Amino acid sequence: MPDAPVEASGLVRRFGAATAVAGVDLRVGPGRVHGLVGPNGAGKTTLLAMILGLVRPDAGAVRLFGRTHAADGARALDGVGGFVEAPAFYPYLTGRANLALLADLDGGGARGRVGAALELAGLGAAAGTRVGGYSVGMRQRLGLAAALLRDPRLLVLDEPTSGLDPSGRRDVRALVARLAGEGVAVLLSSHDMDEVEDLCDDVTIVAGGRAVFDGTLADLRGRAPAPAFRLATGDDRAALALAADVPGVAAEARDDGLLVRAPRERLDAYVIALGRAGVAVRALALESSALRGAFFALTEGADA
Amino acid sequence: MTGTWTVFRWELYKITRQAKAQIVLAACLLGPFLFVAALNAQSNVPQDTLFGRWVHDSGFAVPLVVLGFAGQWALPAITAVVAGDMFAAEDRYGTWKTILTRSRGRTQVFAGKALAATAFSVAATVVLALASLAAGVLLVGRQPMVGLSGTLLPAGRCAALVLASWASVLPPVLAFTALGLLLSVAGRSGALGVGGPVVVGLVLQLVSLVNAPVLVRTLLPTTAFGAWHGLFADRPFYGPLQQGTLVSALYLAVCAGAAYALLRRRDITGG
Chain X
1 MPDAPVEASG LVRRFGAATA VAGVDLRVGP GRVHGLVGPN GAGKTTLLAM
51 ILGLVRPDAG AVRLFGRTHA ADGARALDGV GGFVEAPAFY PYLTGRANLA
101 LLADLDGGGA RGRVGAALEL AGLGAAAGTR VGGYSVGMRQ RLGLAAALLR
151 DPRLLVLDEP TSGLDPSGRR DVRALVARLA GEGVAVLLSS HDMDEVEDLC
201 DDVTIVAGGR AVFDGTLADL RGRAPAPAFR LATGDDRAAL ALAADVPGVA
251 AEARDDGLLV RAPRERLDAY VIALGRAGVA VRALALESSA LRGAFFALTE
301 GADA
Chain U
1 MTGTWTVFRW ELYKITRQAK AQIVLAACLL GPFLFVAALN AQSNVPQDTL
51 FGRWVHDSGF AVPLVVLGFA GQWALPAITA VVAGDMFAAE DRYGTWKTIL
101 TRSRGRTQVF AGKALAATAF SVAATVVLAL ASLAAGVLLV GRQPMVGLSG
151 TLLPAGRCAA LVLASWASVL PPVLAFTALG LLLSVAGRSG ALGVGGPVVV
201 GLVLQLVSLV NAPVLVRTLL PTTAFGAWHG LFADRPFYGP LQQGTLVSAL
251 YLAVCAGAAY ALLRRRDITG G
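If you read the sequences in order, they're chains X and U. So that you can map any letter, position 191 of the first sequence is 191 in UniProt numbering, and since no number is skipped, the others follow by simple counting. So that you can map any letter, position 149 of the second sequence is 149 in UniProt numbering, and since no number is skipped, the others follow by simple counting.
It is worth saying that the hints were derived from the structure and are not from the lab. Keep in mind the model is a prediction, meaning the values are calculated, not measured. The reader is advised that the hints may include incorrect statements.
Below, in silico cross-link-like pairs of lysine to any residue (SDA-like), each with a Cα-Cα straight-line distance of 25 angstroms or less [said to hold, decoys possible]:
| id | chain 1 | residue 1 | chain 2 | residue 2 |
| --- | --- | --- | --- | --- |
| 1 | U | K20 | X | Y134 |
| 2 | U | K14 | X | A61 |
| 3 | U | K20 | X | A116 |
| 4 | U | K20 | X | G132 |
| 5 | U | K20 | U | T2 |
| 6 | U | K14 | X | A116 |
Partial pick of chain X residues on the chain U-facing surface, computed with a CB cut under 7 angstroms [what the hints assert, rightly or not]:
| id | residue |
| --- | --- |
| 7 | L52 |
| 8 | A74 |
| 9 | V84 |
| 10 | Y92 |
| 11 | L102 |
| 12 | D104 |
| 13 | L105 |
| 14 | D106 |
| 15 | G109 |
| 16 | G208 |
| 17 | V212 |
| 18 | G215 |
| 19 | L284 |
| 20 | L286 |
Note that CB positions come from ideal geometry on N, CA and C, so glycine has one too.
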């Protein structure tokens, strides 16, 4: 059986009196897209930094394709590409020069992939511009290009769509999905549960430095509460009363209408019942998805 | 070695793309000519400097006067401009995590950067030396010069001694380069890395001026900047040069070793 792209066990890291990561296990299988999710300060970035060898764990071990940073040094990152926090480059060099520098540090055939990586990241036209003139989104794209230069079998991405416009987010998601389809394992940190739902096969949710959930997306969905919807009607009082008569629907009054919690099929029944009762539905919008609800349920209070 | 060479080559490229390095090299190249032009425009000479009284009589006195001034603060400053920011720049740009997640280890990154800083320090010193010599010879002349023992030194010997004098300051220059590297790693601040060696150089000059014990003065890296004086005696004495070289090597080893140890064990968070 081949070594897993990421096999981390019992990772602990303290900074002074604060414990950033308190005993986290993480396994990313080949070709899997693994979401790492958690609120700010949960320990996600420290976890990724330990995986990439930037921060040494106080306890626990990281294996990347069976190699460790302690035993294998820089070779532990063979076949691994990615970035932690916002990708950073030398602002006085062009995008192409930055990638050429990194390609030379990588060695092998990386130098020959610079042009293709820039094109793939949508930066072909800006390759000759100094990075100091790049927008946040362009730097994010350059970070992806730098990761792809390494022809990775494991991509470690820390909020890769942060700072991108909607089309950029769509492109990055498509790229991640395509790479995963080609067998590349992806460890993806994100705040965006929709992104996780779109891309990930597995999820680890961290809060207060601990993993409060580790499993497949299907497992997480199974533990999710009913999604919440904002509902505006012609007669909110009547709608609220009617909700009590529809099984599986819970509604509460708010200043701007009603907040309704219900699985989608029960919501359909409720909306039909509103129509039959002559209550007009003026607006219905998702307030919080099921996964987001699960995320809040798992992480709130976990910091304590 | 390939990895170190790759890092070294790219660091040199980065240095040449930065305005501060270009300005320093331009100042080293043009400064001596401006200095001689200013001297020629006035009758006064810097008499309190060794060979200062001869700057209107022999062009070979010019590089020695420049060397006297440079040893006080300019050489530590010139070397620190690049060395003091060599590692701190990665913190400032947040690029540690970019370069340390590639296929080169920290040892190779450190070695390549340290060699590039060293190369710049040597290059700047050589440019300043040759520019000073050229400025003196071209604007004042190739006249013989009076040595420390009062005998007249022919032009050819003067040129050789001037070059040897400038070569003799390379060990302390490298010691200050290593100090800049250490402050750059430890302080993670370009201001500390660049300003630190200059301040240290000035303070140590002050210590040597206030009648400090001989042992203390011997152990100061700044003392080595004046060790070339003995070359201009009729019977040259090399003791200060040997002591200065040893002391400089000691500072270089301690500072570079400490900088390497700090980089090896530091966590890359944020930068």
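Going through the hints against the structure:
1. K20/U x Y134/X: Within the cut-off at roughly 22 angstroms; holds.
2. K14/U x A61/X: violated, 36 angstroms
3. K20/U x A116/X: Answer violated: K20/U to A116/X is near 33 angstroms, above 25 angstroms.
4. K20/U x G132/X: holds, 17 angstroms
5. K20/U x T2/U: This hinted pair is violated, its Cα atoms lying about 28 angstroms apart.
6. K14/U x A116/X: The given pair, whose Cα atoms are some 24 angstroms apart, holds under the 25 angstroms limit.
7. L52: holds, 5 angstroms
8. A74: holds, 4 angstroms
9. V84: Cβ of V84/X sits 5 angstroms from chain U, so the hint holds.
10. Y92: Holds, because the Cβ-Cβ distance from Y92/X to chain U comes to roughly 5 angstroms (cut-off 7 angstroms).
11. L102: Interface hint status for L102/X: holds (6 angstroms vs cutoff 7 angstroms).
12. D104: Holds - the Cβ of D104/X comes within 7 angstroms of chain U, reaching about 5 angstroms at its closest.
13. L105: holds, 4 angstroms
14. D106: Cβ of D106/X sits 5 angstroms from chain U, so the hint holds.
15. G109: violated, 12 angstroms
16. G208: Nearest chain U Cβ about 18 angstroms off; hint violated.
17. V212: Check failed: Cβ of V212/X comes no nearer than 23 angstroms to chain U, outside 7 angstroms.
18. G215: Hint on G215/X: violated, closest Cβ of chain U at ~28 angstroms, above 7 angstroms.
19. L284: violated, 44 angstroms
20. L286: Given a least distance of 36 angstroms, the restraint on L286/X is violated.
The structure is inconsistent with the numbered hints 2, 3, 5, 15, 16, 17, 18, 19, 20, although it conforms to all the rest.
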